[in-house]
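We have chain A already, so just place chain B on it with the hints.
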Amino acid sequence: MTISRRHLGTLTAAAGLGLAAPALRAQTREVVFAMASPLSGPWARLGELSVLGARFAVDEINNTGGIRTLGGAQVRLATVDVGDSPEKAKTAAERLLSQEPQLVGGAGAYVSSFTLAVTEVTERARVPWLTLSYSDLITNRGFRYVYQTSPTADEQAAGALPTIIELARAATGRAPQTMGIVMDNTASPVSFTRGLRAGGAERLGIRIVVDETFTPPLSDAGPVMQRVRAARPDILLLLPTAIPDIKLTLEKINEIGLGRGRLPIINNGGPMGSPDLLRLLGPNLLEGAMFITATWGLKGQEELIARFREKTGEPWMTQDSISNYGHMMILREAVERAGTTDREKVNDTIRALDLTEGPAANAYPGRRVKFDERGRRVGAPLVIAQWQNGVPVTIFPTESAMAQPNWPRR
Amino acid sequence: MARLLPPRTLALILGFCLAWLALGFIVPNRYYQLLLTLVPIWAVLGVSWNLFSGYSGLVSFGHAAFFGLGAYAVTLMLVKFGLTPWFGIPLAALLGAVAGLAIGGPTFRLRGIYFALAMLAYPLMLTYLFDWMGLQEVSIPLQREHAAWFMQFQDPRAYLAIALGLLALSLVVCAAVENSRFGMSLLAIKQNELAAEAAGVDTRAWKLRAIALSGAIAAAAGGLYAMVLLVVTPGSVFGLVVSAEAVILPMFGGAGTLWGPVIGAVILVPLAETLRAEFGQFLPGIHGVLYGLAIILVILLAPEGLYWKIRDMRTPRKAAPAATPTVTALMPAAASRQPAPHGALLEVSGLGKNFGGVAAVQDVSFTVPHGEILGIIGPNGAGKTTLFNMLNGIVPPSAGELRFEGRSLAGLRPNAICRLGIGRTFQVARAFERMTILENVLVGAFVSHRTDADARGAARRALAQVGLVDRATAISGDLTMRDLRLMELARALAGGPRLVLLDEPLAGLGAGETDELIAVVRRLPEAGITVVIIEHTMQAMVGLVDRFVVLDQGRLLAEGTPAEVTRKPEVIEAYLGRKWALSHAGG
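Just so you know, the protein sequences line up as chains A and B, in that order. If you count the first sequence from 1, position 331 lands on 1673 in our numbering, and the numbers rise without skipping. If you count the second sequence from 1, position 295 lands on 279 in our numbering, and the numbers rise without skipping.
Here chain A stands alone, though its shape is the one from the complex (with noise of 0.2 Å):
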């Protein structure tokens, strides 16, 4: 059904084309791009902010005359639901091939194993996959048509904490000295701080004064917390992934007076600026909080942002958004520049890429797209964000922020 009034709509537009400009060159026609999100599952509001952020920039493209090299080609967005398994990722990447033989390339999808299992697919079908997912897995395989516009799991686990001390020197004028930890014992946390334990925070000048793992849920931070005011540590890493042990920590804090950034805290990942956490927890209780992601909201990008607010309803951009908006410009300059909707084209020219201005380099810090050989962007820095006054916003790279750090001075 859904395929013959898609190929109903292509007739016509084909038609009109035809009837309205004769003259055209015969090679316009429609370039379609993908994304490949969970749209139904736990991670069903993720895919829908990718999702948005996607098919903003498509939109952006056609009004702003499509694919120049292409005669002015518009191009259709194919989305995908990964649900929520590999098994559901990778039947999807099947469907969306044989669906759409025209399919230029694609990004997605979100949960990194989801994205293993799809690029699985569309490396074998030799299609051009971009993906936000963190885990090294991914460019680690030897495939030819990936690429990573995020910092890796194990670049970001390594880059974290010099760059926390770089954003503590900005603000204060000096290094930390001392450090906390607080996390529950599931995956991302427990891989985030294996290095910083094993010898990683000792060779950068800093002392772990208390370091509590908790099994989620949480009953009552109480203990926990009153450990870290004994020991008050310089920074706290609170590495949570939980909403209900996020609240729990963060109003424990508040209640023993280090709230509101007056102890710098610290999560990790996206999902720690999401609109819905705001919802959930409130300003208040956020304010101060910082996280680590691969981006955020740059400076530079105020305009793009309040299109986007505009268009979406959404309050600000979050990283899914951004990114999967940066990916498709990605796809639109190679095929812009490949002149072509030919995939094995299209990839050899997203391989040689190196932009450092125009909308899909301004999507990342760094502000340059470029891929090394295994497919992972070059010089891809981490970004801290903190929550201000219910909005969380770029801190760090300094050259980036969109505000100026909220940081203790002491």
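Don't read these hints as lab results, they were simulated from the structure. Because the structure is a prediction, the values reported are computed rather than measured. Glycine included, every Cβ here is placed at the ideal spot set by N, Cα and C. Hints may contain errors.
Estimated spans, in silico, between C-beta atoms of each pair [claimed, not checked]:
| hint | chain 1 | residue 1 | chain 2 | residue 2 | range |
| --- | --- | --- | --- | --- | --- |
| 1 | A | E1645 | B | W70 | 31 to 41 Å |
| 2 | A | D1714 | B | L224 | 35 to 45 Å |
| 3 | A | P1384 | B | L(-6) | 43 to 53 Å |
Output of the computed footprint for chain A on chain B, the stretches with three or more beta carbons under 8 Å from beta carbons of chain A [unchecked claim]:
| hint | stretch |
| --- | --- |
| 4 | 18 to 27 |
| 5 | 108 to 121 |
| 6 | 218 to 225 |
| 7 | 269 to 275 |
Below, chain B alone, put in the same frame as chain A:
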């Protein structure tokens, strides 16, 4: 094994798999080919669950444990040691079998819902374990060289063929089990575990074998699943959804039937995906709701699964043929029996049993000589059934000793005692309700016959002994009380016991029926079978037994021939009360 398999079943299995493979060449693209491949993989998991839970009735909510172990085993052996999945999958199956034994060992102590809940815990535990080990995501590397050796194919139909091969294999195994004493024993366990145990079925051993075999098949399915998806995460292979799928597919199609899981997978797996593809586009997540509704609808309309529904629609279940008088059909006992040697067959000395502070049986001693019919009588609550339960090992004694043919019975489980030559029937008849009379008796015959053919012969002889030959194919759930009692007796006799314990075999029978049963029991000593009967009605027994043992409040009150016992004042008092005894003492 192949001999056990009806050729028609084998042909059906092969036919189905070939037809499904042919579909792989008809469908237009890789998407449908992947979908076609996922169906047999999930069907294999369903077959594995069915082999264990469907037949034995022990519901497992934790089959993801085996599936996931298989998936991780194949993946890790490939990633860490470069071992090809062609060896990895069989090794994973072996691991699954070991896991089955390791899980079954402790968990079979639990029954019913407690067993099901405990099974739920294993995959949950494994999820955390694999997370903790840092195996949140393992991906199978792309092999550009020797791809086929590493089970990596460009053409998805290769995976389809492998999956169908695995499905055919597991169906053949399942069919072979179904048609042997293995399956019959599991069905007996499902319907009445205690009766199965008393009929000589080593329930624990069969359950362990079943879960090991089931674990092996599930692990193989998991291993192949990993090769098809190329990504393994704890959530995707140990997750609740996997365990649920293992239960839902066979239940939907028909649990305890060969084709149930296949029917379930063929319908539900594509249905879920089609709903996602067609409706998920417009309203993400709606497919989950529709899928749930579809399952609820079918379960409501066909609670036993589609297989039975379709069968019942094609051939309505017939009512059992009316009972025919069979007293005349009584056969002489088997001639092969040795004449009864003299001396004690069973010696009971100082036997006692306490339940907490209550002494149900205290210091009971008696002997049963070869060839005797001994009646144990006593008012309700005298401890007769407890005594019986000790005699055949259901309840361990607190004190005293039991010897059968000079051998101590201490510490033996009911099936072991049955093996020694003691059969029993129950006060409340314990039939395997969905089996025929012949099958019920056959379960009892397995204990002493090595081949299934011998067992079948013994079962028929036992049916002849009690006069039920012409009712052999009736379903035991439809039987009258008389036939049930006779069938239970035949089940006890089929194992070739030298002693049978009959627990109130006359309860619930009319006068004429009582006579029929007594006539059968009376012939048993001629066949070399010693009999101990419990009854609380003395009337019918007086003409049958050689000797009485009278129990009252757990103690041995009197012992002797019917004539002696019925004259003893203490017996009269126990039965009719002190007042009656006193007032009639003079007369």
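A quick look at each hint next to the structure:
Roughly 58 Å separates the CB atoms of A:E1645 and B:W70, a value that falls outside the hinted 31 to 41 Å. Between A:D1714 and B:L224, the C-beta spacing of about 40 Å keeps the proposed range 35 to 45 Å intact. The given range of 43 to 53 Å is respected by A:P1384 and B:L(-6), whose C-beta atoms sit roughly 45 Å from each other. Counting residues of the stretch 18 to 27 of chain B whose C-beta sits closer than 8 Å to any C-beta of chain A gives 3, which meets the bar of three, so the coverage hint holds.
Restraint check on the stretch 108 to 121 of chain B versus chain A: 5 residues with Cβ-Cβ distances below 8 Å, three needed, restraint holds. Three residues within the 8 Å Cβ limit are the bar, and the stretch 218 to 225 of chain B against chain A gives 4, so the coverage statement holds. Closer than 8 Å: that is the beta-carbon criterion, and the stretch 269 to 275 of chain B has 3 residues meeting it against chain A, so the requirement of 3 holds.
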